Amino acid sequence: MTNGRGLVSIWFFIGVLLFAYGILILSSGVYQYYNPPIHDVVLGNLHAGVWWGAFLLVLGAFYTYQFFPRRNK
Amino acid sequence: MSPTYALLLETVSQKLISLSAVDILVIVLYFCMVLGIGLYLKRYTKTGEDFFLAGREMTQWVAGLSFVAANLGSLELMGWAAAAYQYGILATHWYWIGAIPAMLFLGIVMMPFYYISKTHSVPGYLKLRFGESSRTLAAVSFGLMTVFMSGINMYSMALVMKVILGWDIHFSIWVSSLTVAAYVFLGGLLSAIFNEVLQFFLIWLGAILVSVIGLIETGGWNGMVHRIAANFPGQDYTHLWSTLGSFRDNPMGIHWTGIVLGLGWVISFGYWTTDFLVVQRVLAARDLRSAKMAPIIGASFKMCVPFIVILPGLLGLAVLPIKLVGESQAGTAVHTYNEVLPLMLARYCGPGLLGLGITALIAGFMSGMAGNVSAFATVWTYDIYRALIRKNATDTHYVNMGRWCTVLGVLVSIGTAYLVMQFLSIMDYVQALFSFFIAPLFGTVVLGMLWKRATSAGGFWGLLCGTFSSIGMWAWVKLDPSALRYIALSPYAKDMAENMYRALWSWIICVVVTVVVSLMTRPRPDSALEGLVYGCTVLPSEEHLPMWKRPIFWAVAVAIVFTIMNLIFW
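Order-wise, the sequence lines are chains A and V.
Read in order, the letters of the first sequence correspond to residues 1 to 73 in this note's numbering.
Read in order, the letters of the second sequence correspond to residues 1 to 570 in this note's numbering.
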């Protein structure tokens, strides 16, 4: 969102949160990849945490960079 | 709804899901972010226009996403996933025919009048068009129902969190509602909209995984359909329209006329075009074109919501090794329909992803509640306090009133939540009360906008008679359940059909009374209706815009996709 009041874009906030979630979920996914839990979820072999975490990380990084406040001034 | 959660609480003694440290961190980060956004935006909300209408500077995308998110409450997510398990794909009607045509109508036909009249609210429009009495009736009803509904949702959400996660019910109520109160108090509608867009993303990113992994497990849509047919032989859960030819052919006990006229016309148009909770988001758009585009953008996303709500319910029918049951059959060893979404989350989501899924549910609850309290604060301040109590105060005074109304609204909601905890039947009554008003209100507003002969007396009496007729029909069926056959026009009609036909009749009564009384009373001159009514208002031309930038182009595109989707799943 852009406006004349110097408001930081909502997309920036979304990017930051998704980036943080990406780090957390990807890290957790990688850990489980090497340390499989005893009672895994259904289709745990797909390692959804790894690819979904990576997706959130990339999406979050893109939004954070694209809508970074100084970059848009 | 009340027995659902009451029994759910009684029957499931252990929590369904255990969260890991990563899951907790994901949830805590979410709370920090929404509060941080509220704190950051406080400095930008100084005037009434800022606080109540977000400065009227939202882009079409922000207004459109917020428009949909305000409606995506957690109960919406869990309730319709449960309905999909119970009724199959028929539940999709509440997202498609029960939303898309109305949203497009709002954007193309009604939005110009809301926007050009510069009203702060839907009751505010009624004041301009029909006078103070109609505004007061609409504002008082809306204000009361909004905070009550908010309380009911809060209680239900806390109950769900207790059942799913084992969280203390008081902890859930106070933490989540005070967080909403804090960020709306600080940043008003601006903060609510910012957070709704954030919540919209989280709802999607947290819930879509269930559908994706579920379809992988079943081998795609066809695999899922075959599994459902094998699990439930002789029942059709995967066709949208083909079973609606008779009340007896589908599990909802409803006829296509009820779906098309009751849901698709009256209830849907009533909710999406006159419920200020959602319309307020569009009024915050920065120009008329954005205001027209916002509902169209919202409609395109709304059309996709079944992929994160209905599909998990259908997948539950296909893959869950246990059969879920209705509330009346719930016992100690079984799960109810309402648990389908949490069960599917637990089935596919490991640490981290589970936290994201639960965050999606919490985000859904908070976006719905923020919508309620911000709309309540606006209607109370502008349509009740300023109109009836203190007319000529300063703008700062009204902003302060709006801020404290936010807190008051949340406290009343919490009070309602505790009241519901003691008397569960209140939940059904309040929800019925809400439905009494929406259908006739749509009749009043749409006649007001499209028929310049409608008079103030016609608008007021039409609204009043429509509302009372709805209450009358509801009481009639409550006292004598067999009366349903007269209201729904069939002895095979079930509860779901009653709401549709009651809404339809009350709308017809409202329209007939409005027309008759209007024709008997003196109309206002055309000059007094400028900016309010079709035929008396010069609408800005869009001819200078290229075709692909015109709202009507995108509305037609969404309508075509909507039609194709209905045909695919016919």
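The set of hints was computed from the structure by calculation and includes no laboratory data.
A hint or two may mislead.
Stated by the list, open to error - Rough simulated footprint, nothing fancy, chain A against chain V, three-plus residues with beta-carbon under 8 Å:
1. 21-32
2. 145-157
As the list claims (entries may be wrong) - Far from chain A, some chain V residues (derived; all Cβ distances over 10 Å):
3. W174
4. D236
5. W241
6. L244
7. Y348
8. G350
9. G352
10. L356
11. G415
12. W505
13. E543
14. T563
As the structure is a computational prediction, the values presented were derived from the model and not from experiment.
We put the CB at the ideal spot given by N, CA and C, even for glycine.
- Message: Which constraints among the numbered hints does this structure fail? Numbers only, ascending.
- Response: 2, 7, 8, 9 and 10
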